[in-house]
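Number of protein chains: 2
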Amino acid sequence: MVDIATRVYNHKWKIDPIVRSLIDTDFYKLLMCQSIFRNKPETQVTFTLVNRASDVPLAKLIDEGELREQLDHVRSLSLSRGESTWMRGNTFYGKRQMFRSDFMEWFEKMRLPPYSLERRGDQYELTFEGAWHEVMLWEIPALAILMELRGRAVLHQMRKFELQVLYARAMTKLWEKVERLRQIDNLKIADFGTRRRHSYLWQDWCVQAMVEGLGDKFTGTSNCLIAMKRDLEAVGTNAHELPMVYSALAEDDATLARAPYDVLADWHDEHSGNLRMILPDTYGTEGFLKNAPDWLAGWTGIRIDSGDPVRNAEVAIDWWKSRGEDPTEKLVIFSDGLDVAEMERLHKRFSGRVKVSFGWGTLLTNDFRGLVAGDALAPFSLVCKAQSANGRPTVKLSDNPEKAMGPADEIARYKRVFSVGEQERREVVV
Amino acid sequence: MVDIATRVYNHKWKIDPIVRSLIDTDFYKLLMCQSIFRNKPETQVTFTLVNRASDVPLAKLIDEGELREQLDHVRSLSLSRGESTWMRGNTFYGKRQMFRSDFMEWFEKMRLPPYSLERRGDQYELTFEGAWHEVMLWEIPALAILMELRGRAVLHQMRKFELQVLYARAMTKLWEKVERLRQIDNLKIADFGTRRRHSYLWQDWCVQAMVEGLGDKFTGTSNCLIAMKRDLEAVGTNAHELPMVYSALAEDDATLARAPYDVLADWHDEHSGNLRMILPDTYGTEGFLKNAPDWLAGWTGIRIDSGDPVRNAEVAIDWWKSRGEDPTEKLVIFSDGLDVAEMERLHKRFSGRVKVSFGWGTLLTNDFRGLVAGDALAPFSLVCKAQSANGRPTVKLSDNPEKAMGPADEIARYKRVFSVGEQERREVVV
Chain A
125 MVDIATRVYN HKWKIDPIVR SLIDTDFYKL LMCQSIFRNK PETQVTFTLV
175 NRASDVPLAK LIDEGELREQ LDHVRSLSLS RGESTWMRGN TFYGKRQMFR
225 SDFMEWFEKM RLPPYSLERR GDQYELTFEG AWHEVMLWEI PALAILMELR
275 GRAVLHQMRK FELQVLYARA MTKLWEKVER LRQIDNLKIA DFGTRRRHSY
325 LWQDWCVQAM VEGLGDKFTG TSNCLIAMKR DLEAVGTNAH ELPMVYSALA
375 EDDATLARAP YDVLADWHDE HSGNLRMILP DTYGTEGFLK NAPDWLAGWT
425 GIRIDSGDPV RNAEVAIDWW KSRGEDPTEK LVIFSDGLDV AEMERLHKRF
475 SGRVKVSFGW GTLLTNDFRG LVAGDALAPF SLVCKAQSAN GRPTVKLSDN
525 PEKAMGPADE IARYKRVFSV GEQERREVVV
Chain B
125 MVDIATRVYN HKWKIDPIVR SLIDTDFYKL LMCQSIFRNK PETQVTFTLV
175 NRASDVPLAK LIDEGELREQ LDHVRSLSLS RGESTWMRGN TFYGKRQMFR
225 SDFMEWFEKM RLPPYSLERR GDQYELTFEG AWHEVMLWEI PALAILMELR
275 GRAVLHQMRK FELQVLYARA MTKLWEKVER LRQIDNLKIA DFGTRRRHSY
325 LWQDWCVQAM VEGLGDKFTG TSNCLIAMKR DLEAVGTNAH ELPMVYSALA
375 EDDATLARAP YDVLADWHDE HSGNLRMILP DTYGTEGFLK NAPDWLAGWT
425 GIRIDSGDPV RNAEVAIDWW KSRGEDPTEK LVIFSDGLDV AEMERLHKRF
475 SGRVKVSFGW GTLLTNDFRG LVAGDALAPF SLVCKAQSAN GRPTVKLSDN
525 PEKAMGPADE IARYKRVFSV GEQERREVVV
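Keeping their order, the protein sequence lines are chains A and B.
Its first residue numbered 125, the first sequence is counted upward by one per residue in our numbering.
Its first residue numbered 125, the second sequence is counted upward by one per residue in our numbering.
These aren't lab readings, by the way, just hints derived from the structure by calculation.
No distinction is drawn between identical chains; accordingly, a pair holds when it is met within one copy or between any pair of copies.
PhoX-like mimics (lysine-lysine), calculated; alpha carbons at most 25 Å apart, straight line:
| no. | residue 1 | residue 2 |
| --- | --- | --- |
| 1 | Lys341 | Lys284 |
| 2 | Lys353 | Lys284 |
| 3 | Lys284 | Lys312 |
| 4 | Lys414 | Lys445 |
Same shape as in the complex, but just chain A (with noise of 0.2 Å):
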């Protein structure tokens, strides 16, 4: 029997919205949102999407009509009550009340602010504006939608049986990945991919699939919804644009060799155990654990996020070692376009000599690579970042060129700042 008030429901949608919940987004953006809400409320920044795949012209593929309506759609969200009752009630990462009362009665009142949207060429220049706390939330839903309303254009000319094997194609490909993880003994892994997800049910489907074929290897997912939904642990830390926004605020050269250090300090105040994770590469890794405070070093551990991956868990466990921490104690999250050879080949660097673990996203959340002619579902690489905090720019450099923001002249004061030197370069995939 065919439901047919679901159906004649269905059919009232004008749009098939992209992002239906407000904590449909990474957990670690909520942390860091309270974190800014407590300390840097009155902080005014300018985020900015970026396609950096420029062979990828976001706006011949995506009509802007849809775009608005999807990034409408999410200014029309609000935190619902059982959402807003799973932030206030649950635990998480072993601690009750994560989000303070102050802080939930502003987020369950708040929505996202303007956005403003212009075309350029064939790209689309899409930025937002406003209070920190406010405009950061924006990161996660616009990427996913630029990213979906891109699939979607593609899957739009595919028949039924070919969508069907498509997304049957697409299954065996994770599974396959699944079935090779399975193998790696003492895996700890979670999904990191929200923002770059092919859609939402396909990242719920990714994550159901952990769930039943790895077992306890199967940490968590960083999607606040999929986590609430399928009773898992949310997880994630921090991310770049806290030393960003605190570095770009730094009134002089000596504020701003600090400024890293700091957003950790005010971290360091509100969180314990495994969320102190060291973000080391926004300015260099080598640098910033050189020039480390001592307290620093008795934080759980670290995510490496660019750069080698194995040079930079060295060069953590070499830290480690001269300040007197045992590394096999400490917790290595590699978390950079990671797929599973990759993986193995990280697990079987590492493991023993510190506890690894593995944020794994775009790969896990939107490997339709070789599934459609012309690669046209392929994941590429989209940011949106902090560019601006009060008028000043930000920057990041991380440890791979390719992945560099900023103006030139301020990306050199900051490589002077923080001695960054020669950088090896790296293709960026995802």
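Please build the complex by placing chain B on the supplied structure of chain A, with the hints as guidance.
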């Protein structure tokens, strides 16, 4: 929204029936049934199900109670009004009222006769006795039930995502075949895969995938229920049971030698055009054609269902030439254990020399080879054949001694009567 009524209704089913309709069978069974109903209504037969694959211990895999429930369910079926309307009102092979009123009136009231089931070691002995035109209707449902119950036994052990990936892999596998077949110019191909299918739903999926993927190259399905539901051509002509039973009824060697031609003489009276297809291999293709009356050379074509298909098609071409017929006007339907590479090879060799067509069976609707551990879902060779008629044993020789059936002394007699010499042994895959 969950449709509560549907959910509750589904819970009320005592079993999940494998065969839910009397026309979930091959079209040629209905054509032959009508012919027998008209020409041999008094003939009593025994049909036996034979598992040629002794390494598949059906009685260990399939619960006897479940098997009985499925067989009993088929006995509870009768022709629905819509099915009767389709048979009476539809055009088959360009002809209206293919099924005559007297036949339809009988068929509308018909229920399948009783079955006899016994366990013998690791196999079941399943036999059907009664009037030929009733018993013969057991063949397809009995085979489909055994094959699917064996599959269900394997699927029962699998978890949710394993199952989804299994079907994803099967879909991908079929689609890759369709994509290869699409490359063949002037391809004509039909689904002949009902009897040893994985399941009804899977066959229905495969047929629809062929419709989308092959367009006009897909000429129809032998499954009447799917033909009706999907608005496709129902295809098929006649099978070995006609010459087998006619031959068993022959009182002496001279009558026996004429029997296979008597069958086709009756068929000639009833059918024209593309239904006039010779099935020459029951007692050896070469002898059959050599001794055939001239009017048979005027038939539309030939179906090649055993032996070396290249050799048999060449024999047919030579035969037509020797009888003054133009082979390029003749239809050759290949239907023996086909898969894509074989069809590519045969099409390449014979296209242009004759009209080539394929009846694709088990490797269309049940190619689960290589998809689960131990190949526990691979199709195997299960047949349900006339064993005796009016108390006299039937014999089948075919062009492959591996497919021969009947008592040894009778096989020897038939070989003598039909001048069948040494035959090439060929592995029977499905």
